[in-house]
Amino acid sequence: MSRLELINVTKRFGDQVAVSDFSLTIEDGELVSFLGPSGCGKTTTLRMTAGFEAPDSGMVIVDGKDVTDLPPNKRGMGMVFQGYALFPNMTANENVEFGLAVRNAPVAERRARVAELLELFGLSHVGKSYPHQMSGGQQQRVALARAVAIQPGVLLLDEPLSAVDAKVREELRTEIRRMQVQLHITTILVTHDQSEALSISDRVVVMNRGAIEEVGTPTQIYSEPQSAFTAGFIGAMNEIPVRVVSGAAGLVQHGGRRVAVSGALGLADGQRGLLLIRPEQLEPVGSSNAALNGDLTLTGRVEVQTFLGATTRLLVRESAASSGDAPATRLLAVDVPSASAGRWPAGSQLEVRIPASSSRVIADRTTEGAVVDRSAVAVPIVPDLGV
Amino acid sequence: MSSPSVGNIAGTPTAVKSRGGRAALAFLPFAVLITAFLLVPTVSLFWGSFHDSKTGAFTFANYSYLSNPLDLVPFRNSLELSLASTLLGGAFGLLIAQAIVSSRNSLVQEIATTFSSVAANFAGVPLAFAFTATLGFNGLLTAALRNNGIDLYSGGFKLYSVLGLTVVYAYWEIPLMVLVMLPPLQAMKRSWREAAEILGASRWQYLRSVAIPILMTPFISSMLLLYANAFGAYATAYGLTTGFVSLVPIQISNLISGDVNHDPGTADALAIGLAVIMVVCIGGRALLERRSTRWLSR
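Each protein sequence line maps, in turn, to chains A and B. When we follow our numbering, the leftmost residue of the first sequence carries the number 1, and every step to the right adds one. When we follow our numbering, the leftmost residue of the second sequence carries the number 1, and every step to the right adds one.
Because the hints were derived from the structure by calculation, they are not lab data. Keep in mind it's a predicted model, so treat the numbers as computed, not measured. Fair warning: there could be bad hints in the mix.
Cross-link-like lysine-lysine pairs, in silico, DSSO-like; alpha carbons within 30 Å at most [to be verified]:
id : chain 1 : residue 1 : chain 2 : residue 2
1  : A       : K167      : B       : K189
2  : A       : K74       : B       : K189
3  : A       : K167      : A       : K128
4  : A       : K128      : B       : K189
Modelling step: build the complete structure from the supplied sequences, incorporating the hints.
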């Protein structure tokens with residue numbers, strides 16, 4: 001219900017820069033996720049928004065009003081903490097009522113609001129229970145109800161689902177989104193769980209080393225990452241080193257073979273780049289009737305099969321002939337339907353096609369100005385079933 | 001026809017019995033200790049308190065002190081001394097523990113904890129001597145203050161009195177309070193304060209509605225421990241006053257070892273009275289701790 005602006009916010013702890021020149025506008029009713037690895041500054045940014053940390057420079061603006069110097073209890077924000085932070089001496093009812101009670105809201109109004117929220121979160125039956133008598137999921141729902149009870153302009157969620165098990169997490173994230181849409185609350189969700197961020201956010205802010213790496217819709221972040229960091233951090237991504245032959249024509253070269261890739265447009269001729277393609281977009285040759293149509297193909301030997309459920313991930317060691325490297329050390333991740341995975345047991349040869357339409361090429365900043373042999377790709381072995 | 005032999009498989013009755021046997025064996029030393037130093041003395045005290053120490057006949061006479069105001073003086077003194085030293089130790093101990101937690105300096109916390117551990121166990125004759133040498137009539141501090149125009153003793157203070165004993169008891173009650181209150185204070189989550197704050201609560205509202213109610217249970221529980229600790233103390237009081245201040249433990253000692261007042265039956269009855277107070281304190285503490293553990297568990 002509020003528009004939030006963070007303008008050039010910076011925070012240092014001693015010599016360590018926790019957040020650097022962070023600027024972002026979050027529109028009224030929007031749910032934005034801060035996503036990044038541990039220590040990237042997402043929680044610090046959230047805490048500065050809440051008022052628990054003072055920025056060294058920059059401003060926090062809510063509905064056009066500068067709240068940078070206001071204490072947390074004057075900002076009209078709600079927050080859900082990582083470990084719920086429910087008051088252990090109060091029942092669920094009392095926890096939800098707390099914010100209204102300290103505001104001296106009339107008792108009848110408080111009771112009605114508590115009943116309404118407990119109903120909304122399916123908690124009516126635990127109203128008289130203490131936190132230690134509730135499950136993790138119930139505690140988290142109470143924490144959410146408590147945070148929204150005061151009708152905050154901005155709702156801050158600090159890794160709210162990190163302490164609950166996988167099944168409850170999935171239920172709760174849907175519930176958070178439902179509640180957020182229903183109540184139309186401007187919301188920031190801090191998480192290191194990409195599936196959580198991608199599944200419920202309007203926009204995702206990928207953070208790295210205290211700065212914004214990329215901002216975009218979940219689809220943009222997943223399908224069209226603008227940086228190698230985002231590509232590597234979000235889901236599994238094959239990064240295949242290429243050299244741009246013609247940026248104007250979108251022509252790149254890999255292993256001595258040239259291929260037209262639309263995503264290469266705009267890069268300088270001769271520049272090193274990374275061809276990015278998801279494991280599910282790599283297609284074993286012969287598994288369908290699709291013609292190669294000049295698409296790039298790679299060959300290699302299957303080293304490991306990892307069962308992921310509907311799909312199986314094959315880790316394929318690219319052959320020297322295919323990569324142009326000697327010795328070949330590059331691993332490719334290829335997702336195939338589990339029903340047909342038996343065709344490519346460990347040790348078998350596999351040729352995969354890279355559809356030109358699915359791949360994109362970005363500048364390889366790690367090799368700019370230097371010739372560096374990229375010996376491996378950013379492919380997590382451990383599957384992420386959530387994406 | 002012989003049945004086939006069956007190995008000792010986990011979960012089978014034989015294995016369960018074996019595990020139960022090992023558990024019982026491990027419990028044995030503790031059981032012996034409890035029996036020898038708690039159960040047998042308690043039963044002996046209880047039996048002795050209802051029997052005439054000379055004739056061995058059953059009697060209620062040993063409890064006659066309950067109806068004689070003069071005989072209740074040791075109880076009154078012990079109750080007052082314990083209450084005063086508990087309040088003193090509790091208040092200062094809590095403040096010091098909070099200061100230690102607030103310092104957020106691990107070195108300070110380590111040093112304070114170590115010192116408190118030592119000080120809380122420094123009692124008996126050495127402590128009595130230390131106080132005599134410091135705050136006795138000719139003690140170092142007393143003399144130094146006297147030289148600077150402050151005469152403690154002319155102001156009514158006496159080390160060898162209930163007031164003096166209160167100061168001496170506070171010497172170990174304060175660090176004991178620090179030791180027992182540090183864990184609950186450290187277990188208070190910063191996120192509780194922040195949650196209250198962002199919900200609109202002032203600092204006082206947070207203290208009144210969240211922090212104080214949560215800490216009240218461990219605080220009362222700690223006070224009960226301090227009270228029981230002071231009530232049962234003997235060596236320090238005896239070392240300092242050589243038995244001139246009438247306290248329950250000293251009175252029991254006099255009745256057991258005294259030549260003139262030798263009366264083991266009454267000593268047993270007094271000890272039962274002391275035990276009842278200790279059981280109330282320690283039992284109350286145990287009950288409160290169950291609640292406190294639920295609230296403050298990480």
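Hint-by-hint comparison with the structure:
Under the criterion of a C-alpha separation no larger than 30 Å, the hint pairing K167 of chain A with K189 of chain B is consistent with the structure, at around 27 Å. For the hint pairing K74 of chain A with K189 of chain B, the CA-to-CA distance comes to about 22 Å; that is within 30 Å, so the pair holds. Taken as a hint, the K167 of chain A and K128 of chain A pair is honoured in the structure, with Cα atoms around 25 Å apart against an allowance of 30 Å. Distance hint between K128 of chain A and K189 of chain B is fulfilled; the C-alpha atoms sit about 23 Å from each other, no more than 30 Å.
Checked against the numbered hints given earlier, this structure breaks none of them.
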